[in-house]
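Colleague: If you're matching them up, the sequences are chains A, B and C in order. Everything in the first sequence is counted per this note's numbering, starting at 1 for the first residue and increasing by one. Everything in the second sequence is counted per this note's numbering, starting at 1 for the first residue and increasing by one. Everything in the third sequence is counted per this note's numbering, starting at 1 for the first residue and increasing by one.
Derived from the structure by calculation, the hints contain no laboratory data. Note that the Cβ used here is the ideal one computed from N, Cα and C, for glycine as well. Hints may contain errors.
What the hints assert, rightly or not - Straight-line C-alpha distance at most 30 angstroms; calculated DSBU-like pairs for lysine-lysine:
#1 A/Lys144 <-> B/Lys137
#2 A/Lys144 <-> B/Lys94
#3 B/Lys356 <-> A/Lys144
#4 B/Lys159 <-> B/Lys395
#5 B/Lys189 <-> B/Lys159
#6 A/Lys144 <-> B/Lys52
#7 B/Lys71 <-> A/Lys144
#8 B/Lys341 <-> B/Lys165
#9 A/Lys144 <-> B/Lys341
#10 B/Lys60 <-> B/Lys372
#11 B/Lys395 <-> B/Lys372
#12 B/Lys116 <-> A/Lys144
#13 B/Lys385 <-> B/Lys159
#14 B/Lys296 <-> B/Lys247
#15 B/Lys165 <-> B/Lys284
#16 B/Lys52 <-> B/Lys395
#17 B/Lys247 <-> B/Lys372
#18 B/Lys247 <-> B/Lys395
#19 B/Lys299 <-> B/Lys372
As the list claims (entries may be wrong) - Examples of chain B residues lying across from chain C (beta carbon under 10 angstroms, computed):
#20 Thr32
#21 Ser77
#22 Leu211
#23 Ser217
#24 Asn234
#25 Lys240
#26 Asp290
#27 Glu292
#28 Tyr388
#29 Pro391
#30 Trp393
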Amino acid sequence: MKSTAGIVVSAFVVALLAALPWYGNTVMLQFGISVLLLATLAQGWNIIGGYTGYASFGNSVFYGLGAYGVAIAMTQFNLPFWVGMLLGLALAVVFAALLGLAVLRLRGHYFAIATLGLAFIMTAIVSNLEIAGRNIGLVLPLLKSDVLFYELALGLLVLVTLTVFWLSRSRFGLGLVAIRENEEGAAVMGVNTTLYKVLAFMLSAAFTGLAGGIYAYYITFIDPVGVFDVSLNVKMIIMAVFGGPGSVLGPVVGAFVLSTISEVLATKVTSFASMFFGIVIVIAVVFMPRGIAHLVENFRRTGWRYFAGNVRTHRL
Amino acid sequence: MMLRFLFFVAALAASAVAGAQTVTFGASVQLTGPVANTGRYYKDAYDFAIEKINAAGGVKVGSTQQKIALKLLDNQSDVNLSVRQYSQLLSQDKVNFLLGPFASNFVLADSSIAEKSSVPMVQGGGASDEIYTRGYKYIFGTLPAASDYFGSTIDALAKLNPAPKTVALLYADDSFDVSVAKGTRELLKKAGLTTVLDERYSTNASDFSVLLSRIKSGNADVVLVAGHETEVLNFIRQAKSLGVSPKLYSFTVGVPSADFRQALGKDANGASGMTAWLPSTSLKDQWFGDAEAFAKAWKAKFGYDPDYHAAAGVAAVEAFVNAIQNAGSTDPQKVRDALAKVSFDSVYGHIAFNDKGQISLPQIMIQIQDDKVVPIFAGKDFINKLVYPLPPWDKR
Amino acid sequence: MELLAQVLVSGVLLGGLYALMALGLALVWGVLNIVNLSHGALIMLGAYTSYFLFTVWHIDPFVTLPITAVVLFIVGYAIERGILNFVIRGPMFNTLLITFGIEVILTYLAQLWFSADFRAINPTYAGANFAIAGITIPTVQVLVFAIALGLTIAMWLFLLHTRIGRGIRASAQNLVAARLYGVDPKRIYALTFGLGAALAGVTGGLYGTVSQINPYIGGPLTAKSFAIAIIGGLDNPLGVIVGGLVLGIVESLTALYFGSTYRDVASFGVLLLVLILRPSGLLGRTA
Chain A
1 MKSTAGIVVS AFVVALLAAL PWYGNTVMLQ FGISVLLLAT LAQGWNIIGG YTGYASFGNS
61 VFYGLGAYGV AIAMTQFNLP FWVGMLLGLA LAVVFAALLG LAVLRLRGHY FAIATLGLAF
121 IMTAIVSNLE IAGRNIGLVL PLLKSDVLFY ELALGLLVLV TLTVFWLSRS RFGLGLVAIR
181 ENEEGAAVMG VNTTLYKVLA FMLSAAFTGL AGGIYAYYIT FIDPVGVFDV SLNVKMIIMA
241 VFGGPGSVLG PVVGAFVLST ISEVLATKVT SFASMFFGIV IVIAVVFMPR GIAHLVENFR
301 RTGWRYFAGN VRTHRL
Chain B
1 MMLRFLFFVA ALAASAVAGA QTVTFGASVQ LTGPVANTGR YYKDAYDFAI EKINAAGGVK
61 VGSTQQKIAL KLLDNQSDVN LSVRQYSQLL SQDKVNFLLG PFASNFVLAD SSIAEKSSVP
121 MVQGGGASDE IYTRGYKYIF GTLPAASDYF GSTIDALAKL NPAPKTVALL YADDSFDVSV
181 AKGTRELLKK AGLTTVLDER YSTNASDFSV LLSRIKSGNA DVVLVAGHET EVLNFIRQAK
241 SLGVSPKLYS FTVGVPSADF RQALGKDANG ASGMTAWLPS TSLKDQWFGD AEAFAKAWKA
301 KFGYDPDYHA AAGVAAVEAF VNAIQNAGST DPQKVRDALA KVSFDSVYGH IAFNDKGQIS
361 LPQIMIQIQD DKVVPIFAGK DFINKLVYPL PPWDKR
Chain C
1 MELLAQVLVS GVLLGGLYAL MALGLALVWG VLNIVNLSHG ALIMLGAYTS YFLFTVWHID
61 PFVTLPITAV VLFIVGYAIE RGILNFVIRG PMFNTLLITF GIEVILTYLA QLWFSADFRA
121 INPTYAGANF AIAGITIPTV QVLVFAIALG LTIAMWLFLL HTRIGRGIRA SAQNLVAARL
181 YGVDPKRIYA LTFGLGAALA GVTGGLYGTV SQINPYIGGP LTAKSFAIAI IGGLDNPLGV
241 IVGGLVLGIV ESLTALYFGS TYRDVASFGV LLLVLILRPS GLLGRTA
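Make a model of the complete structure from these sequences and hints.
Modeller: Written as structure tokens, this is what we have:
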């Protein structure tokens, strides 16, 4: 959205969301925290998956590291929450740099599987660490202020979206897109592909880790299987892909839409909820693989033929 | 337009009237997902108990007789969803009180919601020490302490002749089983038994061949396993196929449950376990008569035999009803205080909570003999004969 | 020393089961470039099929295997023709997502139809074993190993020496050229996926005999199968034997010397090492 009108609308929406604690009820607040964190994860994934084209299945590693950073700092060393957040952030970014150097050399499927392997191995390692409470996990002190968590989550989402917005206009961002479209070509044109990829990975990890930190304090109890959850990975990817990878607002929209539907189902229809998710994924991938953002852009031109067109291009 | 308005007013009035006459419980239970086969015990328990209590007139709140309603959600064996559901039950569905989920790690996360909102939760699904060492005031549990699970088994071992000397202790790495192992180590030391293997394994492990080989080469007389049903099932089958035959093996789960015994068939015979509850006629209850009648009615209604999970779930509901009646109100604070003081007999046994909120019940050692669960040892005496030593696999 | 020998034998036999698990996945991935995240769910369905054939009609589990294979072949064929066909020529990432969606749906349906109770296929000979030089060897696991070996070699021969097999490889390498030679790509893809599903089904039937069955066993099995397929290498079907053996032995030795909770660290550690140092796998051609 390039126009000033777009910026004004966005600012208005953010203000509206920030004021929620005063006009909404507790349910909306808690749902809000959940959705805002998920949207942050989707947006964070967007940096490495949407813009750079490296579909990471291991962002849950950084989420977990952020969560454990806060948990360990607060429970083992009695440090305040913001110190824990810094620790979580540091863990996530450092690991992203190290692991990134190792696995960003791989392409396509292999990169995806390598990051998936990272997620599993992190779960296995942390469940053996005494300081992390092994597989039992850690219990954090109780803070009865959901408003704080809500505003923090909202602030984080705004921050990551602004970062992605900046990416969409900066040379760095263009370099990432170049890597996505044609990595060899980008290298020939002088883009330092390794540096750019690792930086993108670290940026993605930073926001994911911070989201994990907020989550840990909010939920007061974390264990390896809960925060390094592989299906969380898939969720954030689906939301980003559903909304439109490589766009600025796509992942946020995707996260909001899918979360709302999923939550409503999980609390009203209950058992059908999990199958619903599966069906949505299948339909979305077949009919609108480029996400809502792309759909919105092109629907105006091609109308209902948009869906059939997608199918025809991609099917055997 | 007018019609819609009238309908709205009518609905509002109806809900107000209904609300004034019901006490609502909320629960998020695993109805789907990997632990659903135990989760459903709790749904059935809550439903059954509430149905029976309502049929007898409901709960007496001060001077009015009120019915009990239940709002139950499926958390799909996902802890994060479970937490959100408990929040929703409190803030959106406005339930009065909370009943717990199955499994200690779920209780650990979900109980924080109850504590944060200052609403009492009585749960029959988690026994690990962590639940009760946080200083929470609103959480009560009807499962006895994890550290004592093998208590009666070890007492029984001391009275055998010839007494076993060596023990292998295996435990999964989750909260409950680690608590069991910690407590068991103390008990083993006191009993003077030598531990030849003390090993933690990953939850959901499916291959026990290495552990079994080590048990065999370490010549353990007795094997104690604290784990989950799927692991115990794999353990027993692999013990058979590797020809590992300790003189006795005892498990914290599986043995009391019907579908576990059915899956193993004849291979289940000889396995020992424990339960804090048996359907005996000595446990008298205001609504169910006694535990044996309860078990029969349960089987008739649901088609499977209840075990201690089911009884613990029923106990949770009864504890609430008792507390509400004693408090004479549905005010969360008053009911919480009443819960801390309850003391009555029920189909589950005597219900009273210690100052940390946990019930205290002795475990009864049981063994599967001829496809049936037989109580073996409780307190200081043998109730029935224990099959010991177990014949080696090829001679069964 | 005897303990070590026993553990090694257990590791090798475990490797056989692992190889069989990964075979269907490796076939579909290496040949069709479809990353099937629902592979574990297909194994689960195969397990249930064999379970019901055994429990209701009292057919010996090993005899149920061909029937289960046929049933799962049909299921796989239908999934490919009905769903996967629509996204094959899109970015390969999409097949990852869509097969994940299929996995969720299949798991949910299994829970709905079969309930969460666990089952086990328990023929009278399930616990049989024999001893060689003081080492106890479970009979069923040896049979599993033999079947795994047999099927892998059969698959290798099939791909190399039969017309259909060559058609499959041709389509994988160059679809346009294959079409020019008269290969019908839709049928070939569906057939291959069906074969992968059939292999998963056979794995399931055997898995139910050595372990237990519930709707949720799919996920971890898929993860393991990935590790095995990559470690062995996707270019050569024989790779899964290598991958399976490496993983089986590494896991068992880790459990013996470091502790049972480190098994996953070891197996995924090996996966990462292979990906970083030799991505084409131990038996793969270095590109």
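Colleague: So, for every hint listed, does it hold in this structure?
Modeller: Each hint, compared with the structure:
no.	hint	result
1	A/Lys144 <-> B/Lys137	15 angstroms, holds
2	A/Lys144 <-> B/Lys94	18 angstroms, holds
3	B/Lys356 <-> A/Lys144	22 angstroms, holds
4	B/Lys159 <-> B/Lys395	26 angstroms, holds
5	B/Lys189 <-> B/Lys159	16 angstroms, holds
6	A/Lys144 <-> B/Lys52	37 angstroms, violated
7	B/Lys71 <-> A/Lys144	25 angstroms, holds
8	B/Lys341 <-> B/Lys165	43 angstroms, violated
9	A/Lys144 <-> B/Lys341	27 angstroms, holds
10	B/Lys60 <-> B/Lys372	40 angstroms, violated
11	B/Lys395 <-> B/Lys372	20 angstroms, holds
12	B/Lys116 <-> A/Lys144	6 angstroms, holds
13	B/Lys385 <-> B/Lys159	12 angstroms, holds
14	B/Lys296 <-> B/Lys247	34 angstroms, violated
15	B/Lys165 <-> B/Lys284	40 angstroms, violated
16	B/Lys52 <-> B/Lys395	48 angstroms, violated
17	B/Lys247 <-> B/Lys372	20 angstroms, holds
18	B/Lys247 <-> B/Lys395	13 angstroms, holds
19	B/Lys299 <-> B/Lys372	16 angstroms, holds
20	Thr32	5 angstroms, holds
21	Ser77	8 angstroms, holds
22	Leu211	6 angstroms, holds
23	Ser217	4 angstroms, holds
24	Asn234	6 angstroms, holds
25	Lys240	3 angstroms, holds
26	Asp290	28 angstroms, violated
27	Glu292	25 angstroms, violated
28	Tyr388	21 angstroms, violated
29	Pro391	14 angstroms, violated
30	Trp393	6 angstroms, holds
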